[in-house]
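Participant: Please model the complete structure; the sequences and the hints are all you need to start from.
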Amino acid sequence: MNGIHDMGGMHGFGRVEVEKGEPVFHARWEARVFGMSLLAGLRLGANIDERRHGLERLDPVTYLRDGYYGRWLVRLEQSLLERGVLRPGELAGRLAGHKAAATPLPKLPAPARPAEHPFLRTVDRSPVFRVGDRVQTRNHQPAGHTRLAGYTRTRRGVVARVYPACVFPDTNAHGQGEEPQPVYAVRFEGRELWGESAEPRSSVYFDCFESYLEPDAHA
Amino acid sequence: MSGADRESSDPRDLALRVEALEALLREKGFLDSAQVDAIVRHYEEDVGPLNGAKVVARAWTDTAYRRRLLADGTAAIAELGFGGPQGEYMVVLENTPTVHNVVVCTLCSCYPWPVLGLPPAWYKSPAYRSRIVREPRAVLREMGLELPAEVEVRVWDSSSEVRYLVLPERPAGTEKLSEDELRRLVTRDAMIGVGKVRVGSEASGG
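Going down the list, the protein sequences come from chains A and B. Numbers given in my numbering equal positions in the first sequence, counted from 1, plus 82. Numbers given in my numbering equal positions in the second sequence, counted from 1, plus 27.
It is worth saying that the hints were derived from the structure and are not from the lab. Cβ atoms here follow ideal geometry from the backbone N, Cα and C, with glycine treated the same way. Mixed in with the good hints there might be a few duds.
[What the hints assert, rightly or not] Straight-line Cα separation of at most 25 Å, BS3-like style, residue types lysine-lysine; simulated pairs:
hint: 1; chain 1: B; residue 1: K151; chain 2: B; residue 2: K223
hint: 2; chain 1: A; residue 1: K189; chain 2: B; residue 2: K151
hint: 3; chain 1: B; residue 1: K81; chain 2: A; residue 2: K102
hint: 4; chain 1: B; residue 1: K81; chain 2: B; residue 2: K203
hint: 5; chain 1: B; residue 1: K55; chain 2: A; residue 2: K181
hint: 6; chain 1: B; residue 1: K151; chain 2: A; residue 2: K102
hint: 7; chain 1: B; residue 1: K55; chain 2: A; residue 2: K102
hint: 8; chain 1: B; residue 1: K55; chain 2: B; residue 2: K203
[As the list claims (entries may be wrong)] One side of the interface only, derived from the structure: several residues of chain B facing chain A at Cβ under 8 Å:
hint: 9; residue: K55
hint: 10; residue: W140
hint: 11; residue: E173
[Stated by the list, open to error] Label-pair ranges, simulated between beta-carbon atoms:
hint: 12; chain 1: A; residue 1: A225; chain 2: B; residue 2: V126; range: 36 to 42 Å
hint: 13; chain 1: B; residue 1: D64; chain 2: A; residue 2: K189; range: 36 to 42 Å
hint: 14; chain 1: A; residue 1: P105; chain 2: B; residue 2: A50; range: 20 to 26 Å
Facilitator: Structure below.
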């Protein structure tokens with residue numbers, strides 16, 4: 083989806099501020115949200131792509147305002163509501179001082195049988211592209227989840243590395259199957275991505291799922 | 028989805044909200060706070076850039092290990108006991124006098140947890156995510172790393188489940204140092220590619 087999360091190449095965010103001696107978590111609530119989110123992911127059986135898409139679906143103002151763990155908190159609450167673990171208004175009631183007992187848990191899915199690997203899959207076909215092949219990214223703009231960033235769409239590059247077949251986020255995030263396919267690290271020259279504003283001798287290596295790519299027609 | 032019910036991001040409100048949420052989930056039997064404690068402790072105490080520094084120092088002192096590390100990062104890193112979530116397929120990128128690699132995740136904040144721990148705030152910031160792909164030299168300069176014009180800069184955007192670790196250059200004048208002494212020089216920033224390893228400024232651990 084063309085959301086606020088797709089930040090590569092945007093202007094206007096200012097300098098990169100580095101904090102000296104930064105702690106792992108800046109507040110206890112961040113640590114609790116992190117731990118609870120990992121546990122909830124396991125209990126609810128949500129896959130990584132679905133969870134990433136949960137963050138992308140936040141409205142842009144919330145996304146920018148709430149920060150990293152703030153976003154995780156909104157997503158955590160949302161997924162608990164969607165699975166019926168939290169009832170609508172239950173958390174707000176608790177915060178307003180209502181002493182009502184927590185509602186019982188709904189039936190949760192049985193833990194999935196662990197796959198052979200979290201995302202690598204064996205497929206019985208060879209990768210379409212090889213190292214050195216000239217490729218072009220498709221003008222792929224689904225409303226749902228994708229890992230093709232806006233700044234890399236319809237760009238021409240060269241395959242630098244071929245990785246094994248992986249679960250395809252675009253379908254896996256939406257319960258449409260794993261559709262495993264090879265992944266390629268594709269090298270895009272700075273000039274191809276940023277035109278005349280590109281810095282000299284710079285390039286971006288971007289991991290592309292095979293369905294994002296087609297042969298470069300002009301090569 | 029919206030954050031409309033959360034008009035304020037006041038840290039005190041967030042702390043109360045998270046406390047109430049955890050209490051509810053505990054009462055429901057959905058989670059046990061001791062499990063949350065264990066996860067938090069793991070990422071605060073057991074996992075961090077020290078792990079990556081061990082990998083780098085080994086690669087600097089053991090040519091066969093370096094070769095294995097560059098050929099199959101996941102397996103070579105596992106030899107030192109590191110692996111797990113967000114490090115299940117590791118690729119190691121070697122910095123040289125002519126090629127400088129730097130890592131980002133523009134779409135979220137993917138980061139190799141088992142070797143570097145959880146990402147610092149700047150890595151997750153919109154400024155870094157938006158700018159490093161477009162103007163890497165300018166961003167690196169702001170962060171204190173001036174790359175000579177003749178050095179090629181390669182930015183790796185972690186858009187799949189592959190996780191990247193930069194193998195920094197071993198600084199000159201460290202020939203006599205032991206693996207353990209070398210390990211203490213290696214910084215997190217050098218393993219992301221926003222810094223270089225320098226002699227005389229020991230890793231802060233951060």
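Participant: Looking back at the hints listed earlier, which ones does the structure fail to meet?
Facilitator: 2, 7, 8, 10, 11 and 13
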